[in-house]
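Asks: Given next are the chains, with one letter for each unit.
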Amino acid sequence: MKFELSEDQALLRNSTRDFLASEWPIEQARKVMEHDPRGYDLSAWKRLADMGYIGLLLPPNVGGQGLGAIELAIVLEEVGRAAMPGPFLDAVLAAALLAAAGRQDALVNDIAAGKTLVTIARDDAPFCGGNATPTRFTGNRVGGTKYFVPFAAAADALLVTTPDALCLVQKPFEVIALTTFDLAQRFGEVKLDHAATAIGSPSLLDRVDQLAAVGASATLLGLMSRALEITLEYVQTRTAFKRPIGSFQALQHRLADMLLKTESTRSAVYRAAWCVDTDAPDTAIACAAAKAYAGDASRLVCGEAIQMHGGIGFTWELDLHVYFKRAKTLEQHYGSTEAQIEHTLAAAGF
Amino acid sequence: MKFELSEDQALLRNSTRDFLASEWPIEQARKVMEHDPRGYDLSAWKRLADMGYIGLLLPPNVGGQGLGAIELAIVLEEVGRAAMPGPFLDAVLAAALLAAAGRQDALVNDIAAGKTLVTIARDDAPFCGGNATPTRFTGNRVGGTKYFVPFAAAADALLVTTPDALCLVQKPFEVIALTTFDLAQRFGEVKLDHAATAIGSPSLLDRVDQLAAVGASATLLGLMSRALEITLEYVQTRTAFKRPIGSFQALQHRLADMLLKTESTRSAVYRAAWCVDTDAPDTAIACAAAKAYAGDASRLVCGEAIQMHGGIGFTWELDLHVYFKRAKTLEQHYGSTEAQIEHTLAAAGF
Amino acid sequence: MDLRLTEQHLKFRDELRAWLQANLARPWREELRDPKHTEDSLIQLRRDWQRKLYTAGYLGMDWPQEWGGRGATEVEKSIFEEESALADAPLIPNFLGIGLLGPALIHHGSEAQRRRFIPPMLAADEIWCQGFSEPGAGSDLAALRTSAKLDGDHFVINGQKIWTTLGPWADWIFVLARTDSGDRYGGISFILCKLDTPGITVRRLRQITGESEFGEVFFEDARVPRENLVGQIGEGWRIAMTVLAYERGAMSLAYAARYERDIRQLAIACREHGRGGTAVREKLGRLFVENEVMRANGLRNLANFADGNKPGPESSFEKIFWSEFDKRFRDVALDLLGPGGLLERSSAEARADVDWAREFLWARAGTIYSGSSEIQRNIISKRVLNLPQV
Amino acid sequence: MDLRLTEQHLKFRDELRAWLQANLARPWREELRDPKHTEDSLIQLRRDWQRKLYTAGYLGMDWPQEWGGRGATEVEKSIFEEESALADAPLIPNFLGIGLLGPALIHHGSEAQRRRFIPPMLAADEIWCQGFSEPGAGSDLAALRTSAKLDGDHFVINGQKIWTTLGPWADWIFVLARTDSGDRYGGISFILCKLDTPGITVRRLRQITGESEFGEVFFEDARVPRENLVGQIGEGWRIAMTVLAYERGAMSLAYAARYERDIRQLAIACREHGRGGTAVREKLGRLFVENEVMRANGLRNLANFADGNKPGPESSFEKIFWSEFDKRFRDVALDLLGPGGLLERSSAEARADVDWAREFLWARAGTIYSGSSEIQRNIISKRVLNLPQV
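Protein chains in written order, with the numbering used here: chain A, 1 to 350; chain B, 1 to 350; chain C, 1 to 390; chain D, 1 to 390.
No wet-lab data here; the hints were simulated from the structure. You may find that some hints are simply not true.
To be verified - Result set (SDA-like, lysine to any residue): computed pairs, CA atoms no more than 20 Å apart in a straight line: (1) B:242 <-> D:185; (2) C:283 <-> B:296; (3) B:31 <-> D:206; (4) B:242 <-> D:137; (5) C:382 <-> B:191; (6) A:242 <-> C:182; (7) C:52 <-> C:119; (8) A:242 <-> C:278; (9) C:283 <-> A:30; (10) B:2 <-> B:277; (11) C:327 <-> A:2; (12) D:283 <-> B:311; (13) A:242 <-> C:186; (14) D:382 <-> B:296; (15) D:283 <-> C:119; (16) A:2 <-> D:278; (17) C:327 <-> A:300; (18) D:11 <-> D:45; (19) D:382 <-> A:296; (20) D:327 <-> B:311; (21) C:283 <-> D:278; (22) D:283 <-> B:342; (23) C:327 <-> A:296; (24) D:382 <-> A:238; (25) C:36 <-> C:21; (26) A:2 <-> D:74; (27) B:171 <-> B:191; (28) B:242 <-> D:139.
In this text the structure is predicted, and so the values were computed from the model without any measurement.
Given the sequences, and given the hints that come with them, work out the whole structure.
Replies: Laid out in structure tokens, this is it:
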């Protein structure tokens with residue numbers, strides 16, 4: 001029994017951290033977020049693919065690394081720490097969904113190679129509530145409108161969820177940009193009236209949803225870890241009333257709570273990942289609980305980070321708002337906190 | 001415009017505080033709670049009546065003082081501070097209900113004089129939920145079971161709520177004690193199959209419920225004010241690491257929040273009372289919001305008071321637990337927090 | 001106890017309400033989402049609005065008659081704020097000039113200074129920004145290091161000010177500068193500087209909302225006439241502390257009016273999106289309840305003002321209450337709305353009622369500016385609770 | 001990463017589970033609500049249970065073989081706690097003796113002390129209570145003032161100890177006493193005292209739950225043989241700090257097991273009372289989610305122990321997490337149940353599943369005893385975050 005990463009896993013973490021430090025220093029990440037209309041950088045995307053990251057979960061015969069959820073969590077924690085923009089998790093999940101549907105063709109290979117971008121189109125309404133009209137698949141055509149489709153404008157194909165089947169739709173799409181305050185992830189609204197190929201039953205999503213929960217909560221963990229780190233550095237150096245502000249007990253106690261939340265998220269995320277990899281009986285509970293907890297915790301920690309920075313924390317220049325906005329956005333996607341609480345209860349038989 | 005009490009009101013507050021200090025020092029209150037099976041002291045009850053407190057809201061022609069909700073709040077704030085046990089608020093509300101129903105008879109007079117105890121029997125189930133079976137009134141008889149009837153064992157008559165009518169039932173009752181951790185208020189379960197007199201429509205409760213909300217939230221205000229006072233004294237004298245613990249910033253910030261909650265409750269309670277007295281358009285909202293807020297705030301403040309006392313706060317000997325238990329109990333009665341939130345929304349047209 | 005406005009105040013309120021209805025073309029939220037507007041045109045609109053208010057006699061109401069005063073008190077000012085919030089009127093650009101500098105000049109300035117500065121300030125002909133905070137002096141304001149050295153009949157000013165609201169549009173800045181480096185409080189002076197003075201540079205400071213209402217102001221050997229000193233040398237700290245108390249009037253009623261409108265909009269949005277259930281209802285209800293308590297606090301403060309009390313350290317309660325509530329409210333709103341709540345105002349599908357995403361971000365500033373929640377709690381523990389300080 | 005128990009640990013768990021099923025007559029909650037029981041008879045039952053566990057080899061499992069050890073580690077101890085919680089077994093009365101004094105004797109005691117005290121402690125023939133806290137020394141334990149003056153071959157002890165769990169039933173107490181008033185830490189010694197020694201008085205201390213598990217112990221010129229000193233004079237603080245680290249093993253899994261049972265009972269209660277709706281569901285769900293995170297923390301700690309790590313200051317996380325959660329959980333439970341949740345165990349209509357009222361009150365102690373949440377946060381900020389201390 002061991003909670004620490006294995007040697008290979010630790011190596012993956014270190015190499016990912018090094019890779020992102022050189023490819024995606026925060027200045028570069030922010031430049032792409034603020035100035036690249038696509039929301040990510042194509043040549044950097046190719047290098048990410050060449051390093052094997054996009055094919056992380058795919059079997060080797062389709063160009064993948066055949067790794068598991070723990071490795072996914074390791075990489076996405078680093079992605080979160082670096083606040084790397086782009087459709088990384090989306091592409092990984094789309095590839096996993098295709099693989100789960102038994103596809104081993106050029107499409108999957110091309111995703112892993114970074115040549116083709118596929119993301120999953122899920123939301124049937126732009127807001128929460130019962131007013132959604134599901135997209136339908138009949139007679140080899142898919143019709144309806146999908147909202148908050150990740151990187152829809154850049155995608156070559158979409159995996160569209162319908163109550164009838166999961167289906168694959170090729171571009172071109174009519175995409176209306178849905179612009180949120182999170183510049184690391186771009187969304188589009190896509191009107192569908194397209195020929196489509198069924199690739200499998202909606203139940204294939206179950207496992208992909210677990211991977212999504214692990215991936216998103218690992219990203220949230222990375223975000224909050226880094227925001228806490230930045231804050232710990234700041235409170236050691238920033239002085240007020242002739243003392244470092246980190247010496248004030250009221251802040252110390254809140255920093256202790258931030259660390260507690262961060263480390264508890266870490267426990268939950270890696271436990272969930274381990275459950276997925278070992279097909280443990282409490283996998284569904286562990287994944288949903290990790291995402292639900294991570295969303296709350298990350299928003300709180302990143303928010304406290306801004307507060308403790310005072311005025312400077314409210315400036316565009318400082319990076320903290322990028323973390324805070326990402327955290328709030330991820331809370332809403334890949335199964336919102338509310339949805340994950342419901343998943344937890346359902347999986348626990350409540 | 002003036003938030004401060006008028007001269008008469010300030011006099012009432014001072015005289016009530018003096019009266020309770022001599023009649024109900026905390027040692028006496030605790031003695032009665034712990035050793036008097038009735039839960040209050042008959043001779044003290046008589047003196048309370050003689051001072052005019054029970055008839056506070058009643059018109060002078062039935063032995064009352066003809067005062068209003070502000071005065072009710074003033075008195076109950078003091079009752080809360082003193083943690084006075086007994087059916088005071090219950091008797092005041094029952095008298096108000098009878099008066100609202102137009103009763104000006106000996107019964108009302110006797111309540112005001114402390115000779116007769118009447119309380120209102122409302123709850124149709126011991127727990128929250130949809131499983132309650134309403135008590136019914138038909139053919140001049142009332143049938144059903146009422147739970148958490150205040151001081152049922154001591155009551156001479158009960159005002160029983162039914163969907164059909166409010167009705168008055170005379171003792172004897174078969175009472176099963178419902179013993180909670182709050183020793184200041186006694187409850188009983190009463191099986192009814194009794195002759196009963198209709199006294200009016202259930203809608204008469206609306207105004208009484210507003211008085212109940214004011215009275216209960218004023219009591220909660222008194223409880224939390226006193227718990228905070230006790231704690232402020234303690235943190236000034238108790239030392240740890242060679243400093244008074246009140247000099248630790250982590251405690252200071254929490255004490256500031258406790259004061260903020262206490263003073264905000266004060267604003268809400270007296271605004272609600274003033275609304276009732278002036279029949280202001282936002283009376284229903286103000287009363288429900290005051291009770292909902294006071295319940296949360298008082299539990300939090302009394303709980304923090306225990307925490308800041310450390311081990312000694314967890315002892316029976318110290319009085320704080322009496323305040324804490326009263327606060328949690330009042331949160332559940334006279335319109336639970338949940339019910340008052342719903343009242344607020346309904347009154348605001350949501 | 002009496003929480004009813006007097007006849008005189010009711011009359012004031014009714015006249016103001018009628019005036020607002022007649023004079024306010026569109027609610028501010030509609031201006032904000034009109035694509036024709038730029039940051040500059042929005043400022044111009046606020047400038048025009050201030051001019052209108054001034055002409056109608058609604059500014060400086062509690063000042064001496066000669067400066068526009070009409071014998072009003074905190075009560076009229078609070079009614080003004082509440083009615084402006086109800087009508088969703090723009091915030092005047094010179095709110096800091098009128099809120100802080102005006103009282104400073106009236107109580108501590110020279111007659112010449114009052115004549116020179118007050119009329120154009122009220123008329124929005126000159127926009128003022130506030131130069132108190134510095135990169136190294138925020139919560140601990142007295143740590144400020146911007147220096148003013150007397151050289152003949154000029155001060156030579158060096159240093160940097162930050163969080164200067166409306167800095168990029170302002171004509172003048174009122175500055176706290178250090179005239180004696182050895183005296184923490186007594187070494188600070190209160191000086192007025194024209195922003196086009198050589199050696200003064202204003203830089204925009206972008207906020208996390210993407211807007212740039214704030215600025216930074218740099219001083220490099222900027223020479224400012226000695227006559228621009230308010231009060232005596234070394235009196236700056238005392239003047240600033242006096243007027244800062246004015247900044248925090250009875251704002252709770254105005255905030256409660258604004259929040260109630262937004263809570264109601266949130267409920268409408270939930271209905272429109274088919275979002276029901278007791279969980280949604282309880283969340284809306286808790287927000288509404290807390291907002292009612294804020295309103296009760298506001299009524300109490302207003303009544304206290306009407307009763308002749310001055311704002312005291314209790315104003316810290318008000319600041320903590322609304323700013324901490326705002327954070328929670330905006331967060332719950334996004335959770336109820338779902339992903340669409342995070343949309344930029346200009347995006348497709350964004351709701352037109354409230355700019356939920358911007359409000360969520362903006363709420364993070366409320367617990368920081370004008371004395372952070374931490375500073376407010378320090379004030380309460382020290383000045384209200386009298387807790388031992390170590 | 002591997003969170004699976006090894007074959008050996010699985011075998012241990014399965015054997016223990018079978019043993020518990022065969023040997024535990026009734027779950028503890030059923031004993032608690034059996035009206036035949038008194039406080040004394042419940043203690044007797046716990047004593048009997050400890051004896052059974054001892055005979056079966058489940059106590060002192062990680063001690064040297066001669067004292068019952070079987071080469072076990074924190075992993076087996078944690079499994080033991082979790083399985084005991086799942087089976088709802090009684091808490092052994094000597095949990096503090098075995099948890100704190102045992103390690104102190106093994107690492108710092110004399111051979112004679114071990115022979116004299118360990119066997120009857122394990123067999124529950126002698127019950128031990130802990131004499132660390134004093135009325136004036138709680139969070140600041142080193143402020144303790146109980147004095148032990150050497151007089152020939154006896155210590156003469158004067159002072160008062162408080163929060164002595166099971167004090168009223170104990171035979172012995174292990175005490176931290178001051179042998180040098182000038183040396184804050186180095187002036188403290190660790191001494192064993194028989195409670196029937198003349199000059200020692202035990203008084204029951206009633207808790208807010210109405211129970212009297214705690215006591216106070218008064219020392220008035222109590223003469224205790226010098227041979228009852230553990231370690232050297234002045235070593236008491238060091239010994240206490242070492243063994244206190246043991247008090248906080250990996251308890252999260254045991255707590256999570258117990259809380260899950262109660263959360264499920266709460267859901268059943270809501271169903272039985274016809275209490276539905278999304279608000280209730282969300283509350284239950286949030287509790288369940290948080291409890292799962294506690295379980296994840298527990299698995300992580302367990303795996304770290306199995307991996308050879310010793311408990312460090314991170315154990316403060318565990319303490320804060322469960323105790324703060326417990327407070328919120330028990331409060332939400334009462335809100336979901338309504339007035340009936342506040343009933344005393346013995347009252348009509350009280351639910352038989354869980355003593356909700358008592359748990360609500362008892363939860364207030366969790367954030368106070370064994371190092372309050374405040375102390376735990378101090379430890380984290382100092383020893384984990386290395387924040388500057390002033």
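Asks: Would the hint linking residue 171 of chain B and residue 191 of chain B be met if the CA-CA limit is 20 Å?
Replies: holds, 12 Å
Asks: Checking one constraint from the list: CA of residue 283 of chain D to CA of residue 342 of chain B, max 20 Å. Satisfied?
Replies: holds, 17 Å
Asks: Could you grab the alpha-carbon distance between residue 327 of chain D and residue 311 of chain B and see if it respects the 20 Å cut-off?
Replies: Answer holds: residue 327 of chain D to residue 311 of chain B is near 16 Å, not above 20 Å.
Asks: Taking 20 Å as the top limit, are the C-alpha atoms of residue 327 of chain C and residue 2 of chain A close enough?
Replies: violated, 40 Å
Asks: Is the Cα-Cα distance between residue 283 of chain D and residue 311 of chain B 20 Å or less?
Replies: Violated, at roughly 30 Å.
Asks: Would you check the hint for residue 382 of chain D and residue 238 of chain A, treating anything up to 20 Å between C-alpha atoms as holding?
Replies: Holds, at about 18 Å.
Asks: Is it true that the CA of residue 242 of chain A sits at most 20 Å from the CA of residue 278 of chain C?
Replies: Violated. Residue 242 of chain A to residue 278 of chain C sits at ~50 Å, over the 20 Å cutoff.
Asks: Given the hinted pair residue 242 of chain A and residue 186 of chain C, is their alpha-carbon gap at most 20 Å?
Replies: holds, 18 Å
Asks: Does residue 74 of chain D lie within 20 Å of residue 2 of chain A when you go C-alpha to C-alpha?
Replies: holds, 13 Å
Asks: Below or equal to 20 Å on CA atoms is what counts here, so check residue 36 of chain C against residue 21 of chain C.
Replies: violated, 23 Å
Asks: Next pair to validate is residue 382 of chain C with residue 191 of chain B; report whether the Cα-Cα distance is within 20 Å.
Replies: violated, 56 Å
Asks: Measure nothing beyond the straight line between the CA atoms of residue 242 of chain B and residue 185 of chain D; if it is 20 Å or shorter, mark the hint as holding.
Replies: holds, 14 Å
The structure fails hints 5, 8, 9, 11, 12, 14, 15, 16, 18, 19 and 25 (numbered hints given earlier, in ascending order).
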